[in-house]
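Peer 1: These are the residues of each chain, in order.
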Amino acid sequence: MSQSTGHYGFYPGCSMGATARSYLQSTEAICKALGLTLKEVDDWNCCGASEYISMNSVAAYSLIARNLSLAAQEGHTDLVAPCNMCFLNLHKVDGYMEKYPKINQQVGRALAAGGLSYKAGSVHVRHLLDIVVEDVGIDAVTAKITRPLKGLRVAPYYGCLLTRPDSRYSPEYPTHLDDLLEALGATVVEFPLKTQCCGGHMTQIKEATAYDMIRRILQNAAEDQADAIVTICPMCQLNLDAFQPQVNGMFKTKFHLPVLYFTQMMGVAFGLSNKELGIGSEITSSKTAFRKIGQEEPEEQKSLKRDKNALPMPRL
Amino acid sequence: MVEPKIIGFLCNWCSYRGADTAGMARMKYPPNVKIIRVPCSGRISPELVLRSFREGADGVMVLGCHIGDCHYGTGNHRTAKRMPVLKKLLEYNGIEPERLCVDWVSAAEGEKFATLIREFTETIKALPPFVEVIK
Amino acid sequence: MSEARIGVYVCHCGSNIAGTVDVAAVAKWAEDLPNVVVSRDYKFMCSSPGQEMIETDIKELGLTRVVVASCSPHLHEPTFRGACSRAGLNPYLFEMANIREQDSWVTTDQVEATKKAMSLVAAAVSRVAYQQPLESLFVPIDPNVLVVGGGVAGIQATLEIADSGRHVYLVEREPSIGGHMAQLDKTFPTLDCSACILTPKMTNAANHQNVTLFTWSEVEKVEGYVGNFTVTIRKRARYIDEPLCTGCGVCQEKCPKKVIDDVFEAGIGYRKAVYIPFPQAVPNTPVIDRDNCIFFEKGTCKACEKFCPTGAIKFDQEDEIITLKVGNIILATGYDLFDARRIPQYGYGRLENVFSSLEFERLTNAAGPTLGRVVLRDGVTVPKSVGIIHCVGSRDKNYNNYCSSICCMQSLKFAHMVKERTGAEVYEFYIDIRTPAKAYDEFYQKVLGEGTHFIRGRVAEVTDAARQPGEEGKLIIQAEDTLIGKQRRIPVDMVILSSGLEARADAKEVAIKFGISCSADEWFIEKHPKLDPVATMTDGVFVAGACQGPKDIPASVAQGSAAAARVMSLIGQGEVEIEAATAIVNEETCVGCQECIPSCPYGSIEFLEDKKKAHIIEALCKGCGTCVGTCLSKSITLRHFTDEQLVNEMIGAMQSMKLFEAQDLVIVE
Amino acid sequence: MTDRLPALQEVIGKLLPDVDGVLGLKVGPAGIVSPHLFVKDLADELASLAIWPKEPLPGTLKIIQKAHPDAKLAIVCRGCEERGIVEMAKHYQIDLANVTLIGLQCTQEEAEFCRCAKPFTVHAQTTIGTPIAGVPDTLTDEFAALSREEKLAFWKEEFLHCIKCYGCRNICPQCFCNVCTLEDETWVETGRLPMPQPAMYHLIRSMHMTAKCVACRECEETCPAGIPMAIQFRLIARDVKEMFNYETGAEIDQPPPQLLVLEEGEYERTGLPH
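Residue numbers (my numbering), protein chains in the order written: chain B, 311 to 626; chain C, 242 to 376; chain D, 46 to 714; chain A, 178 to 451.
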């Protein structure tokens, strides 16, 4: 639990200012609605994403730890990072400094050169989804719903970084985003590839591999008649949304799946306007999908009615 | 540095068997601890521990079954009530409370027993020999 | 104790002790210890020549105390006590120094090991001088026996003891005995029909004149000690009057309420609210499941009562509390199956056609929900390809480290039965194939011969998300094939998870109830893993079958017989020797403060109102010494563990350590 | 010190007819104050009733009750003495049934003399004097703040003066054993002065005072060498309160902690490993 006052340190990350501006807009909108105040850490710097760490780990850790030190100085016990990559890097470095005294010492020396210091473990790094589900709680969210998303079929996409290497949720099969979307009134489809990788930076290194990874996820969502994919990371959103034309071209498929942020879905359910939520800035338009809200769901293709001599399923 | 002399009072059903299990698995640990077998850790009166210190023991171990596992049911509850007070008493008399180790080892925990002995011997080695206190 | 004449015997134990401890030096050194008249070392003290050496010394040298420095008292204290009493010396005038498990085996440096042995011998010699002769208490053994758990191990033990003429109370928690074995269709490696070989034993056990069967019952409380246990049993209400019920089964036909049977049918079959678990159930008296019976929910229906020809339905029946007197107890409470839902990536509970091993056993069983037809979850389609995954939840640091020992053979049996009944392609994903008994590996060769594909690698994931063409609508098993060093994706129609065995969920509480202890994995701890696997550290309580660790049916049956033999030998002796080391109150010094009375775990201390003194009831005292530790005025002494003995044992050790410290003794190699 | 004397005389006077005797203090012919049993036929003895210096009356009460189990007695008792009686009752040394307590509240000066935290009675029906707040035990607090080495030196210095006269044990109301462990050669060496350290005598007595000492400071008061041994007893009493939630002599029907098995949450407070 964070400070009871709902105040959190906020680490926006580089994409929120640019390609993922809609994620920032919708985050600010729902925070206002839920009474959460995210205080941006002053003078935060880049989280090193995946490239820098593979170049020089200690330098990268020190770069990342600088953000932790700034957050600690501002008195935050909880630092919110809405993007999976930033969350993982900050969370990992905090953990490494606690577990490995050698790293702690090297990073400490680097920070001291800039007049900074950081005591490992003093700042809890949290993902925004974790704040909404654990601290605010799903009941508080449902209380704010004015326009339930009934009729909309969504595929909850966690991405591969959030629940690995360890988290309070099952690394293979987390369900807290599913629960949130269900609470918003949407129908959450069966989506086994919810934690499979979206290709990450592979789109810049080897398109064919990346496009095949993206195709699998789109195909799995489309198979269950999902109207939209809901994600929690700007990188995943970009990959699944921006490269749909290339995937359709390469694999002769006809996917048209809008990829939206869970904060945008919450905003819609809270009855906020598209403009406030940055809806419309996505490349694969979500207009057709949002028209489904309030309509009856299409008839399930697989007959749900149990055959008379069907065997019972083990209860989950 | 003089090798510390340590006396261990072990309960017959759990910690003594834990020591045997460590032996059967050929785990190695320092030879400083001499083990005395008692039916239950509840049998160990504070006087026995104090008398061991008086005889010049640098450290005393009182090892029993985990709470709830005692072969006699609640024997080790008494240990859990007497020994913390004895530790405080040592402290108030200027004797390092770490000289008295009170812990719980089950018959299956050979590894834990060996580690306990290694760590305790190191702790005692770091302290000045107890004999100096007596003079 | 100046007049004590002590004999010291240092054992080589082959090289176990002599390999690290200079036993000759220890024996030599012990000669100069106070009151020691003879000190020898010998290759194997526990051998008959070793024991005879002690006996002759006692007789010829008039020894009044004996110390043997060898292994742990838990191993050979009874042996050497026997030697002493054979030579006319009271067995309690004997003490051991544990210089093997607690010295030679755990110390690398030979000089240190030898010095430690000397200190331990000095401690024992200093202690033994203060030991007093004691006469043990002999307590008659109640010939009746309690067997807890009606699985194959429990049934075997019950039959053996009943056949020997003794009375057995068999308590089983479920409505019928039979345990997990009754759920199986075939048994490996002989492919016998499980029910065919088990049912005769079940009926024998039930109808045996020396057996009282309590099903749908649990043991609530156990008091007393070996030979004299008082057991309280709760016989849960069946809401059916057993003598009146003929087992005609009409009530089950007429009962309108159908419920998923999570216990016997492992969740893949149904049963009525009034049911017997399977046709050959023993006893074949049904039980009414109170939680699902419409009468108990809404007060209506009562169909079973209307149609019952003998009026055996009794809705007002109450639980019965029964108290029994028994001399020995055998725990044969079996195992629980690992719940595969704890591994989300295998999809059990989420993907329809992923089955647990017990579910598949019920599928293949002729009396099962599909009358033996191997079909998918829709109850109709016959699978064309089946994947079987070994070690689900076993040999896995995230779940259970141990190998559950039966899953390989079980998986091979499944492969054979799938081939035989459906002709489907079968893929087995294994780490190692373990076939450790007679005709096991031949069975493996047979299954190989039938064309089952074996892929060596732990399965990473079972998913229904198709990726390549040909995977649609299938379950894809992704695993690394370590033999060809490649990742493989095998699409199949059905997946069987060979889940491992786990201790019963309530094993810890049951262990505390019967006064025994559990290992870290919550299996019951045996007295000695190799030499005494069916006894426990609590005399009179024995274990048999999977409750002591994963094992297959032959091993469980063998342990059932073993536990029965141990019980019969105790009953044969007619009485059992109770530790003489009990506590006694010194009435001169006792001031009647009564602090000792609540400290006794067994309530065996009473307060004599007239004398205003505490008094210990010897028969109830187990000799734990807690009261001795509580009494401030030291008015209670625990025989064989008196303050004088323990303090002198400590002094013996301390003085020798101080001696070595001073001389910095150099041991002549 | 003598302001409450008339009130006490009056209360005892009224009580004498319906009890077999009232235990209190009396000034002797040589001006020495000692325990005395006032009886109704010798009521005029009340004139030489005394309050100070205080003497531990519970021990005397025990002796009288052992001799006359069914005598109806009353006793003048300060806060510490009342706690002493309650604690002894829990160990069946005193029968509270036929004892009436006459509570005597201590004055500020008396409370400071004993550094007493609770200089007032709780259970006594009739009380004399107005109860005042407890006084901080600065000596014990200062000692507690010492470092380990300083504590060691403190007791080494103090116990050098101990002549093992057993006075502290004899005066202590809670030391009611017939035969005392401290006189047993196995535990405490005899015939060695100054006693070797660590002083087994004092260590064992401190252990025996666990959940027994009612902080009446008689031991310190009677010690010819003025050794402040009550410091240890009081520090242990604080630990017993914190660990087992037990205040010695406070509740009549709360059983001493050593008699009970571990209660919910108690183990965590012992600081022992999990």
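Honestly, I wouldn't trust all of these hints.
Here are the computed lysine to aspartate or glutamate pairs in the DMTMM-like style, where the Cα-Cα straight-line distance is at most 25 Å [claimed, not checked]:
#: 1; chain 1: D; residue 1: 558; chain 2: A; residue 2: 443
#: 2; chain 1: A; residue 1: 328; chain 2: C; residue 2: 296
#: 3; chain 1: D; residue 1: 73; chain 2: D; residue 2: 97
#: 4; chain 1: A; residue 1: 333; chain 2: C; residue 2: 360
Please keep in mind that the hints were generated in silico from the structure rather than gathered at the bench.
Peer 1: None of the hints should be skipped; say for each whether it holds.
Peer 2: Hints, one by one, checked against the model:
A distance of roughly 23 Å separates the Cα atoms of residue 558 of chain D and residue 443 of chain A; the hinted pair therefore holds under the 25 Å criterion. Restraint check: the Cα-Cα separation between residue 328 of chain A and residue 296 of chain C comes to about 21 Å, which is no more than 25 Å; the hinted pair holds. Between residue 73 of chain D and residue 97 of chain D, the direct Cα distance comes to roughly 21 Å. Compliance with the 25 Å bound is thereby established for this hinted pair. Between residue 333 of chain A and residue 360 of chain C, the direct Cα distance comes to roughly 30 Å. Violation of the 25 Å bound is thereby established for this hinted pair.
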